[in-house]
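Going down the list, the protein sequences come from chains A and B. Residue numbering for the first sequence is 0 to 393, as defined by numbering that gives the first Met the number 0. Residue numbering for the second sequence is 0 to 99, as defined by numbering that gives the first Met the number 0.
In short, the hints are calculated from the structure, not lab data. Keep in mind that this is a model prediction, so the values were computed, not measured. Hints may be right or wrong, so weigh each one.
[Claimed, not checked] A short, non-exhaustive set of chain A residues, derived as facing chain B with CB atoms under 8 Å:
| no. | residue |
| --- | --- |
| 1 | Gly34 |
| 2 | Trp35 |
| 3 | Leu56 |
| 4 | Trp58 |
| 5 | Phe59 |
| 6 | Gly60 |
| 7 | Val62 |
| 8 | Gln75 |
| 9 | Thr78 |
| 10 | Asn96 |
By construction, the Cβ of each residue, glycine as well, lies at the ideal position given by its N, Cα and C atoms.
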Amino acid sequence: MAKVRVLVGTKKGAFILTADGKRSRWKVSGPHFGGWEVYHLKGSPVNPECLYTSQSLDWFGQVIQRSDDGGKTWGQPGTPPGESVTPKEGMPQGRSNKFVYDESAATGKPLTTHQWYDGTPHPWEFKRVWHLEPSLSDPDTVYAGVEDAALFQSTDGGESWQELPGLRGHATASQWAPGAGGLCLHTILQDPDRHRMFIAISAAGVFRSGDDGKTWQPANQGLHSNYMPDPTAEIGHCVHRIAMHPSRPDVLFMQKHWDVMRSDNAGDSWYEISGDLPSDFGFPIEVHPHEPDTVYVIPITSDSEHYPPEGKLRVYRSRTGGNEWEPLTKGLPQQDCYVNVLRDATAVDTLEPCGLYFGTTGGQVYASADEGGSWTPIIQNLPRVLSVEVQTWR
Amino acid sequence: MAVIRVELPAHLRALAHIDEEVQLDVREPVTQRTVLDALEAGHPAVTGTIRDHVTGRRRPYLRFYACREDLSHHSPDAPLPDAVISGKEPLLIIGAIAGG
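This is chain A alone, in the form it adopts within the complex (with noise of 0.2 Å):
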């Protein structure tokens, strides 16, 4: 029998629940990290006992934890949990915390400035840790999106990290600027076969690298976004989330602030396919595991009213590649709801039928385990959900 492991993220802690493969059933665990936000945990696809998480606070910073057992225990990697260490002689201490921009000769990247909100030049921050994507292939390897947006990569099971200074070293930088939530790097994807990369940054858009994330190109041609001087810019999109099925690395979909769009040559050019949708602002997209032309969205009224459309939470399903979409509303509610949805808080898992997952700032989670046709929620009174990601194995 198949198990299944939905970690929530969520802006007072994490949460795991689990059940078999009938989905019907669940345990809830948590919360870990109680009081902490937890912008993302996600497991290892080689090793699912391999969880990170990232977990910050205005207070405190950022901390990165590890579990080696599926969530039961975490530690900070590199540091045993519960001991005092003695420091050897020199030895850096806390480096699984530290995220240090680039800044090296050897780059030829030193750190420069982006735009503010006001178009001002500021100076790089760091602030937190968006989103964490273990590498498909190897479990001690994994990369961080971060804010102020810049890509982080750890080979050492998340005891250091190392920017990865071509993104934030391309010659746009500079003109980056923040979207509402910051200037964050909130989405990796991994095509290794083809030794790419795509990262999208809120709100610089998308960038595409085919050397293993050394060096990026934009690839925005093709997004339309009124809100900056020049709407077809080469960056500044506020693109909000992409999605990529593995088989089809060449077709990319994306819930851009306004509208939903696609590429069927890696970013090289978007067109839009938002088609019958009630409002294509949003914020996740998501690939049907099986079907690579199967997407689902979940619409939002507008960027100023972050709530659904009439109240009616609905998940909407194109089987068509996109244009042509289909409201799933069976167990959602359908009058007087108010909640969002955010980029990172959906999740489909690969069982068949597939199941599909999203959290709300509400606090509830909702699952589905057959593709989108019926919803239950499986918890309901969490903190605001933050962000969603589902683990199937047998």
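For chain A, the structure is supplied; the task is to place chain B on it using the hints.
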């Protein structure tokens, strides 16, 4: 070597797996900097949570109190009060009351 008592906020006690106040052996001079050096050496899980990894400065939402005084804006290299050095009073590391 002085034995310095330090009280940490609940979140940091949880990170460091500490139930109550910490007692640290600190080489003189006993200052904010030498106390925090000793704290981080003995409890690396809190490294970077009180002072920034890069700048070394106190995080803005944290305050240092002792003997009914706010020491937050004292030099990190200024000697701590005698009552702290003698162990009579703890150095209090307090999270600012902000937010919910």
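Violated constraints from the hint list, given by number and in increasing order: none
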